[in-house]
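Novice: These are the residues of each chain, in order.
Number of protein chains: 2
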Amino acid sequence: MKIDKSLVRELALFEKMSDESLDKILTQSLSRRVPPGEAVFEQGAAATHFFLLLHGRLKVTQVTADGQQIIVRVVHPGDLFGFARALQRSDYPGTAIAAVDSVALSWPTQMWPDFIDHHPRLAVSAMQTIGQRLEEAHTRIREMSTEEVERRVAHAVLRLAKQAGRAEANGIRIDFPITRQDIAEMTGTTLHTVSRILSAWEGRGIVEGGRQKLLVRDLEALSVVAETQKQ
Amino acid sequence: MKIDKSLVRELALFEKMSDESLDKILTQSLSRRVPPGEAVFEQGAAATHFFLLLHGRLKVTQVTADGQQIIVRVVHPGDLFGFARALQRSDYPGTAIAAVDSVALSWPTQMWPDFIDHHPRLAVSAMQTIGQRLEEAHTRIREMSTEEVERRVAHAVLRLAKQAGRAEANGIRIDFPITRQDIAEMTGTTLHTVSRILSAWEGRGIVEGGRQKLLVRDLEALSVVAETQKQ
DNA sequence: CCGCCGATTTGCGGAATCGCAAAGAGAGGA
DNA sequence: TCCTCTCTTTGCGATTCCGCAAATCGGCGG
Numbered sequence: 017m018k019i020d021k022s023l024v025r026e027l028a029l030f031e032k033m034s035d036e037s038l039d040k041i042l043t044q045s046l047s048r049r050v051p052p053g054e055a056v057f058e059q060g061a062a063a064t065h066f067f068l069l070l071h072g073r074l075k076v077t078q079v080t081a082d083g084q085q086i087i088v089r090v091v092h093p094g095d096l097f098g099f100a101r102a103l104q105r106s107d108y109p110g111t112a113i114a115a116v117d118s119v120a121l122s123w124p125t126q127m128w129p130d131f132i133d134h135h136p137r138l139a140v141s142a143m144q145t146i147g148q149r150l151e152e153a154h155t156r157i158r159e160m161s162t163e164e165v166e167r168r169v170a171h172a173v174l175r176l177a178k179q180a181g182r183a184e185a186n187g188i189r190i191d192f193p194i195t196r197q198d199i200a201e202m203t204g205t206t207l208h209t210v211s212r213i214l215s216a217w218e219g220r221g222i223v224e225g226g227r228q229k230l231l232v233r234d235l236e237a238l239s240v241v242a243e244t245q246k247q
Numbered sequence: 017m018k019i020d021k022s023l024v025r026e027l028a029l030f031e032k033m034s035d036e037s038l039d040k041i042l043t044q045s046l047s048r049r050v051p052p053g054e055a056v057f058e059q060g061a062a063a064t065h066f067f068l069l070l071h072g073r074l075k076v077t078q079v080t081a082d083g084q085q086i087i088v089r090v091v092h093p094g095d096l097f098g099f100a101r102a103l104q105r106s107d108y109p110g111t112a113i114a115a116v117d118s119v120a121l122s123w124p125t126q127m128w129p130d131f132i133d134h135h136p137r138l139a140v141s142a143m144q145t146i147g148q149r150l151e152e153a154h155t156r157i158r159e160m161s162t163e164e165v166e167r168r169v170a171h172a173v174l175r176l177a178k179q180a181g182r183a184e185a186n187g188i189r190i191d192f193p194i195t196r197q198d199i200a201e202m203t204g205t206t207l208h209t210v211s212r213i214l215s216a217w218e219g220r221g222i223v224e225g226g227r228q229k230l231l232v233r234d235l236e237a238l239s240v241v242a243e244t245q246k247q
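These protein sequence lines map, in sequence, to chains A and B. Using my numbering, the first residue of the first sequence is number 17, and each one after it goes up by one. Using my numbering, the first residue of the second sequence is number 17, and each one after it goes up by one.
It cannot be assumed that every hint is accurate.
[What the hints assert, rightly or not] One side only, chain A facing chain B, incomplete, derived with CB under 8 Å: (1) 100; (2) 125; (3) 160; (4) 245.
[As the list claims (entries may be wrong)] What follows is a set of in silico ranges between Cβ atoms, one per label pair, in the way DEER data are often shown: (5) B:224 to A:228: 45 to 55 Å; (6) B:84 to A:106: 35 to 45 Å; (7) A:58 to B:26: 31 to 41 Å.
[What the hints assert, rightly or not] Here are some chain B residues the structure puts well away from chain A; computed CB gaps all over 10 Å: (8) 24; (9) 119; (10) 133; (11) 149; (12) 156; (13) 178; (14) 183; (15) 245.
In short, the hints are calculated from the structure, not lab data. Predicted model only: the values in this text are computed from it and were never measured. The beta carbon of each residue, even a glycine, is placed where N, CA and C say it ideally should be.
Start from the sequences and build out the full structure, keeping to the hints where you can.
Specialist: What follows is the structure, given as structure tokens:
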């Protein structure tokens, strides 16, 4: 499939790579369109490919043994996904579901070692990416350990605004459909509590809600909420 | 400094490396002894080196802006540490403190890209290590999102028993000094709650406590606690 | 344009857990 | 051996947050 090279070229991951190498890698990839609600891969399935998101937005979820679901992370355009475990495990640890119409490139898992051997800089880039992701995970652990629910939700919304925000007349729009339940699963609480918190914020003019919609009207005030500890 | 090569040779990280390469790498390293309570590096300090723990046990902690501390992870012999961020950040994101007398090898941070360029397999190994660590972090996030405190503490103690357990007549001894406060900081709760939980377990014959001591008497029962959801 | 279905809001107990406080206990140093 | 310091235990009231329930809302398909 014909791929828009300029999109890939801009990624930090391929920054140091020559044009020929990049071409070679791209010709070995497959492109796939994923409509909203469809899974790119499912938790527990054999990890046959790793992916790069070109367009759209994915939610990576995990389901616990007793059926509870959490959102591990949101995948944005330019992110690699479905690969961290391709190195260690044979199955995907989570499910990646398209929140909107999305397009992803994919490569067979077994090509990964080849990539690294032929492009050591790629290894460094990839490691930086994973390192960042690890840092994010630690941040989340720290937040869940030390902050009350309202601050955690504030941090989550701030992250969404930064990573998936689109400027609008009245503020920053979260640029994909997201439910209260989703936010609850990102912050380790219930949709009820999230709803109460967002309602309170709406009353203070900080955000504006809606069905699967969220608009941040006052980033400043939201940051204050995120940094202010109770009492 | 003279280093016991056999110790290093066994590590998965260096598994695929030739003897000459390994020798070269080891001659470039420095060995350092760290007495209990002393820090290998401090949060926020310039990341000048990355490390490999040979002997002992370290606790990696982070302190939040408002002074609360959490334990990010425990470093066991054979683990690389203080490097994930050397790739992306210029300072250490946490503090590594020796729980017991420890010995670590260190290399200057700027040698990392060299390592990768000359030993691509090392890059793959390192990435697997970070990938595993990321997976652990996600496990912890999942636990903190969906489980009550008692189950989280049970999981934490099980992990400690697996990673730092030494067989004893009456059960599995956690092989380094650990306080209730430590366990609290690993599970996102308070030392009071941990103390109550451990007391209850002691009453049921599952564990045996003591000052900075912990002995798991009934691994089976503890696993049941870890997997049983309330009600 | 109407009806249905999933998303959201909100009230109200109840349970889990925190925070404070005070007492007990073990280990190492003087 | 005694003293001191830190760690640990335990009680009790205060809070946060969950879980259930019921009502409302909004968009999509027919």
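Novice: Would the least Cβ to Cβ distance between residue 178 of chain B and chain A come out above 10 Å?
Specialist: For residue 178 of chain B, whose nearest Cβ neighbour in chain A is about 17 Å away, the distance exceeds 10 Å, so it holds.
Novice: Take the shortest C-beta to C-beta distance between residue 125 of chain A and chain B; is it under 8 Å?
Specialist: It is violated, given that the least Cβ distance between residue 125 of chain A and chain B is near 13 Å, above 8 Å.
Novice: Checking the smallest CB distance to chain A, is residue 156 of chain B really beyond 10 Å?
Specialist: 6 Å, violated
Novice: Within 45 to 55 Å or not, the Cβ separation of residue 224 of chain B and residue 228 of chain A?
Specialist: 52 Å, holds
Novice: Can residue 100 of chain A be said to touch chain B, with a Cβ gap under 8 Å?
Specialist: Check passed: Cβ of residue 100 of chain A comes within 5 Å of chain B, closer than 8 Å.
Novice: Test the statement that residue 24 of chain B is away from the interface with chain A: the closest C-beta pair must be farther apart than 10 Å.
Specialist: With a cut-off of 10 Å, residue 24 of chain B remains clear of chain A, as the shortest Cβ separation is near 21 Å.
Novice: Using Cβ atoms and 10 Å as the threshold, tell me whether residue 149 of chain B really stays out of contact range of chain A.
Specialist: 6 Å, violated
Novice: Just tell me: holds or violated, for the beta carbon distance of residue 84 of chain B and residue 106 of chain A against 35 to 45 Å?
Specialist: 39 Å, holds
Novice: Holds or violated: is the Cβ of residue 245 of chain B farther than 10 Å from all Cβ atoms of chain A?
Specialist: 5 Å, violated
Novice: Using the nearest Cβ pair, does residue 245 of chain A come within less than 8 Å of chain B?
Specialist: Hint on residue 245 of chain A: holds, closest Cβ of chain B at ~5 Å, below 8 Å.
Novice: Looking at residue 183 of chain B again, its CB stays over 10 Å from all of chain A?
Specialist: Given that every Cβ of chain A is farther than 10 Å from that of residue 183 of chain B, nearest at about 28 Å, it holds.
Novice: Could you see if the CB distance from residue 58 of chain A to residue 26 of chain B stays within 31 to 41 Å?
Specialist: 37 Å, holds
In this structure, the earlier hints numbered 2, 10, 11, 12, 15 are contradicted, and the remaining ones agree with it.
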